[in-house]
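*Asks:* Chain by chain, the residues:
2 protein chains.
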Amino acid sequence: MPNQNAVRAVLAKAREAGRAALTADEAKAVCDAYGIATPAEGVAESADLAGDIADDLGYPVVMKIVSPDILHKTDAGGVITNIADRQAAIAAYDAITAAAKNYNANATITGVQVQQQLDAAQEVIIGAATDTSFGKLVAFGLGGVLVEVLRDVTFRLAPTTAQHAEAMLNEIAGAEILDGVRGQEGVNRQALAELIVNVSALVDDFPEIAELDLNPVFATAAGATAVDVRVLLDFDAKEARYRPSHEDILAAMTRIMQPDAVAVIGASAGEGKIGNSVMKNLIDGGYQGAIYPIHPKADEILGHECYASVRDVPGNIDIAIFCIPAALVAGALAECGAKNIPGAVLIPSGFAEIGEHELQAEIVKVARENSVRLMGPNIYGFYYTHKNLCATFCTPYTERGQVALSSQSGGVGMAIVGFSRSAKMGVSAIVGLGNKADIDEDDLLTFFEQDPNTGVIAMHVEDLKDGRAFAEVASRVSKKKPVVVLKAGRTSMGARAANSHTGALAGDDRVYDAVLRQSGVIRARSLNDMLEFARGLQALPTPQGENVLILTGAGGSGVLLSDACADNDLTLMPMPDDLDAAFREYIPPFGAAGNPVDITGGEPPTTYRATIDLALREDRIHALVIGYWHTIITPPMVFAELLGEAVAAARSAGNDKPVVASLVGDVEIEDACDYLMDRNILAYPYTAEKPVAVLGAKYRWARAAGLI
Amino acid sequence: MPNQNAVRAVLAKAREAGRAALTADEAKAVCDAYGIATPAEGVAESADLAGDIADDLGYPVVMKIVSPDILHKTDAGGVITNIADRQAAIAAYDAITAAAKNYNANATITGVQVQQQLDAAQEVIIGAATDTSFGKLVAFGLGGVLVEVLRDVTFRLAPTTAQHAEAMLNEIAGAEILDGVRGQEGVNRQALAELIVNVSALVDDFPEIAELDLNPVFATAAGATAVDVRVLLDFDAKEARYRPSHEDILAAMTRIMQPDAVAVIGASAGEGKIGNSVMKNLIDGGYQGAIYPIHPKADEILGHECYASVRDVPGNIDIAIFCIPAALVAGALAECGAKNIPGAVLIPSGFAEIGEHELQAEIVKVARENSVRLMGPNIYGFYYTHKNLCATFCTPYTERGQVALSSQSGGVGMAIVGFSRSAKMGVSAIVGLGNKADIDEDDLLTFFEQDPNTGVIAMHVEDLKDGRAFAEVASRVSKKKPVVVLKAGRTSMGARAANSHTGALAGDDRVYDAVLRQSGVIRARSLNDMLEFARGLQALPTPQGENVLILTGAGGSGVLLSDACADNDLTLMPMPDDLDAAFREYIPPFGAAGNPVDITGGEPPTTYRATIDLALREDRIHALVIGYWHTIITPPMVFAELLGEAVAAARSAGNDKPVVASLVGDVEIEDACDYLMDRNILAYPYTAEKPVAVLGAKYRWARAAGLI
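Just so you know, the sequences run in chain order A and B.
When you line the first sequence up against the working numbering, it's residues 1 to 708, in that order.
When you line the second sequence up against the working numbering, it's residues 709 to 1416, in that order.
In case anyone wonders, no lab produced these hints; they're calculated from the structure.
Treat the numbers as computed from the prediction; the structure is a model and nothing was measured.
Each residue gets a CB set at the ideal place from its N, CA and C atoms; glycine is no exception.
Careful, some of the hints might be misleading.
The following label-pair restraints were derived from C-beta to C-beta distances [as the list claims (entries may be wrong)]: (1) B/Gly-1253 x A/Gly-706: 49 to 55 Å; (2) A/Asp-55 x B/Asn-790: 23 to 29 Å; (3) A/Leu-328 x B/Glu-1349: 36 to 42 Å; (4) A/Thr-398 x B/Ala-1274: 36 to 42 Å; (5) B/Asn-790 x A/Gly-35: 34 to 40 Å; (6) A/Asp-299 x B/Phe-1298: 33 to 39 Å; (7) B/Ala-1274 x A/Asp-94: 50 to 56 Å; (8) B/Thr-782 x A/Asp-55: 33 to 39 Å; (9) A/Asn-106 x B/Glu-884: 32 to 38 Å; (10) A/Asn-106 x B/Arg-1328: 56 to 62 Å; (11) B/Glu-1349 x A/Ile-632: 40 to 46 Å.
Make a model of the complete structure from these sequences and hints.
*Replies:* Encoded structure:
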């Protein structure tokens, strides 16, 4: 059990003294309180005392300057190692204090720390930092140049668990080193994991610990000892983010996303006006709920009775879609509040995105006071197909499906609509989040989690206003439904000012990467991947195990598909002898069984069908990757039809496993791919990599959700 | 100047003794002869002598067992370090010899090496290995776990130059470490580069040196010293590969690729026969040369007079296309020889690909004897559009352009035809290489190098029969024309048996990566990338410098495009103040100049046109990446037309710079992309990454060719 009182006392003293860092002995006390092992040591205030302490500890010892004013001890000549006897200890005391005065004449010198010198060991670094979006993070990496130059480090949200801490040990590129290389013994992994957990608990319990470095930690087969500890403090309390309760979020979001009555504030009969486009899209999209145009003077617009204010509308209203200039938004929001409308869809721009932060703060304030949730501002609106709702000024989109998508940018939103239409991808919702003044990704996830019309969620994210809340919700939701995230801006995060190694490493896309992985989120590396993953995750059933089989008519495709499987962490099933023999029944003697199964290029449709049937009904095969080669004897549409029939038959027989296909050949293969796509068999022309990447995304999700 | 005689003497002795490795003193002699610094040392044959040598060298010293039978000295207890005085040296001698006898009672013990112990330094590894395809390679990496666990190592063909050696120092992930980290001094880069060059010269001069490790090399500010040297020998001479002279290759390949007369051996009137498909494709493709069907009995086939043998044909023949069973090939080849036909296109399968290696060896032998070059066997044939030649049983393809493609697999070849047709990509040639019994990629490169109809070369490669010849030709050709390679099978190379670190590291895709880069080749990571790069490299003019500008109507696209630029090593031009002001003339006050230039989403065509014109005429901007966002005010085709006009106008004015575009929006953007593609402006829908990746490929080529 950690001794919180001991830490509290240390921090209180530092706060009182106005210090932003702990001294070495304070840091040691904090470590002691949280079960973080440090070397035996004492602080000497004279050379003789240094000799006495060293005698007590036994040689060799290390000696280090203790000064609140000297953070970088080595730079100040404040560290001497390998001190072998009393005489050397006394000399070292004098040398260190002289060097420190030389480095900073005004430094207060508390004394010199005399520390037991540990045997050589594997050096690692464990630390903690505070991220503006994610809050407290704990970090682990290998010590020395590995972390400093190669930045081989991984992160978790703090606090973390022993299970996550052990996963961190395996995540770094140099993980193998921990098992012992060059004749070294492996380290005690449990001790390291415990240290990570303890550090994460410490910074979680004490938010004022802004950054913490244990660098190096000496890891041996016996245990893990933090040889040097640096603790940086920040007593300025952060403003807690406004978060309604889960029930309140869900209640509001459900009415907003599935409204029975919609008001259009700023509805217009004028062609080309946003208020006109929104009205048309609502009507043309086939929305069956009530539509109330709001206009100060008009009697009716596009056949719907007009009202001067939402307050004049007779029935309940679920959402108000704003099509009015930015300056008028606050006033209209107050009216929405008076009418008890739970959600406002703020299409107008003219807020934070052009530097009008105050105007945005004002509408947020009005919205909070009136219990109105805000979507936007600066958005295209949103679609919810299962209500035939196109609450947007863009083109209507009504193809129903299970994929919910959101985007922070309007351009990406339009790409989502265009891609969906082009790929005939059914969606449940497409949502613009824009400036995210209020509603953000975790609100949407909370709704989509329980929305029976949504099976896959894909989000384009530029920044997470509250990364921690997102991670919490995403961790829960991703257990049930795949969550895909395209994090834009990943290469432009720039440097951060930080006083610790961990702090410096935290200002980095690596944090997003680690937290998204921790949350079970599938990260897309490109817009096209996000869109293809969304489509594919919807289409593919969940695999029941790791065994992937490649079946190909082209040896060359088999090689490319194998490469792609390796790139996507997919496991080619080692072929059991009996199954190998079963495939060989159908393929020419010079064909290759094993995996890939190469049926060779000259084979008729019956060979494709027989081998595909065998693969589909065989329980040991969990996913099938097919490489088709266009030949005269098995033309593209013949192949497509036989594959479609084979999969349909297998599905009827209860054998629903993921099937993806790469088709190579002349342009006729494009029609064959379309035919297969229409039957939820992912088929792509002129590429071996895309079908496998999508299958890989499904596997990443299934593993993270604990399904395989 | 290296002392080759000294090395020759050492190697002769080892050969005579039947040894596969050099002893430490022999290895040192070899190093001395090639200017590879090693620590001062001597070999003692008694404990007293060890003390004498150590006294001479000065302390501390390291002592190591010298035995031809003990390769792994540390494992045998044969290394003791930090020996501080004479007494310790004497004790160490006894300890080492006892341990060696204990390790291997039958080991011949030559003595104990006593070596000057160097000060701590940055450890690096420099080595050489022999690759079955590439021959001698030199390797460089950081020592210790960095190379052993993280495999942070790079390669060059040996011999290499000082310039390449210096580039190697920068290629490893931990390159920064060489500049000095954690307060260390940087190393002497020139000394390291010289060491690499010397090692590469040594293994080039002496092919019998199969593997060599300098591990570790101690690198300091002063110099570089090889502390431990291991040299492994292989005296079995490798069979030299058959290579005609450059002139002979070119003469034969020119007639083969641009034939004036073609014989079809096994021509047939029977529907569905390969010999019928080939005849039809020749005729339907519009080939204007002579076509001679060869058939034992027929008088004419498809309107062309038949002959029983090529020997009966009255005129010259440039190529014979084989459409007969494998067993008949050798006989027909001899007839081709008698007729002085320079090339045979071997469509038949049934050779090495199904294990019939002897049959393949036989046809190669017959071909050599008859001076006939072989394309294939086991191929679809080839296309050369500028002769309207479709010498293949696949569908005809006649769209002329500058891209020449080859594939080792038929499936990939068909994907090339299909993609080309679908993308309206003009090609000069598409060539199937199949089993590569004779003609391979370097023969094709030699032809394409001087073919005025070819501007870009793209190759799908599974293995290079002679990687060194390929690298030599590719290095030369890539200076003139971009060469793209998709290396399939990159993740399945498996482990190799090797007795040195360098040898173990060499059995790896890293070798292909390093050699292709060294050769100026653009490596594609996927089939689709290879095809898109081929199209894009043809379409894009060469940039005149590194300054890339992003100009976008959607802020969200700007972020994704910036990410993609960073991923593809493209440099976003820092925006000069005057240019910033010039752009601001056209864009709304809340738009962002800088780079990306964000003109914002609500702008009319005139804003796009004005800013694009500015970017095109501005000499400081070398390439333009445009992010278009579909809006009502600037619809997709309006944008496409204005961009097309702007680029055409700039080209007329002599401002031809690469322009790529990402279009986001509804499906109408697909037509806009087609419109732009037809005008050599690379435009892609629903993706920010692809246009930038293609621009990145153009930049990689331009840099490697020394054009920027």
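*Asks:* State for each hint whether it applies.
*Replies:* Going down the list of hints, with the structure as the test:
Checked against the hint of 49 to 55 Å, the C-beta distance between B/Gly-1253 and A/Gly-706 comes to roughly 52 Å, which is consistent with it. Between A/Asp-55 and B/Asn-790 the Cβ separation comes to about 26 Å, which falls inside the hinted range of 23 to 29 Å. At about 37 Å, the CB distance of A/Leu-328 to B/Glu-1349 agrees with the hint of 36 to 42 Å. Distance hint check for A/Thr-398 and B/Ala-1274: the Cβ-Cβ separation is about 38 Å, which falls inside the suggested range of 36 to 42 Å.
Distance hint check: the CB atoms of B/Asn-790 and A/Gly-35 are about 37 Å apart, consistent with the given range 34 to 40 Å. With their beta carbons about 36 Å apart, A/Asp-299 and B/Phe-1298 fall inside the hinted range of 33 to 39 Å. For the pair B/Ala-1274 and A/Asp-94, the supplied restraint of 50 to 56 Å holds, since their beta-carbon distance comes to about 52 Å. Distance hint check: the CB atoms of B/Thr-782 and A/Asp-55 are about 37 Å apart, consistent with the given range 33 to 39 Å.
With their beta carbons about 34 Å apart, A/Asn-106 and B/Glu-884 fall inside the hinted range of 32 to 38 Å. Our hint of 56 to 62 Å for A/Asn-106 and B/Arg-1328 is violated, since their Cβ atoms are close to 49 Å apart. Against the hinted window of 40 to 46 Å, the Cβ-Cβ separation of B/Glu-1349 and A/Ile-632 comes to about 42 Å, which satisfies the hint.
Checked against the numbered hints above, the structure violates only hint 10.
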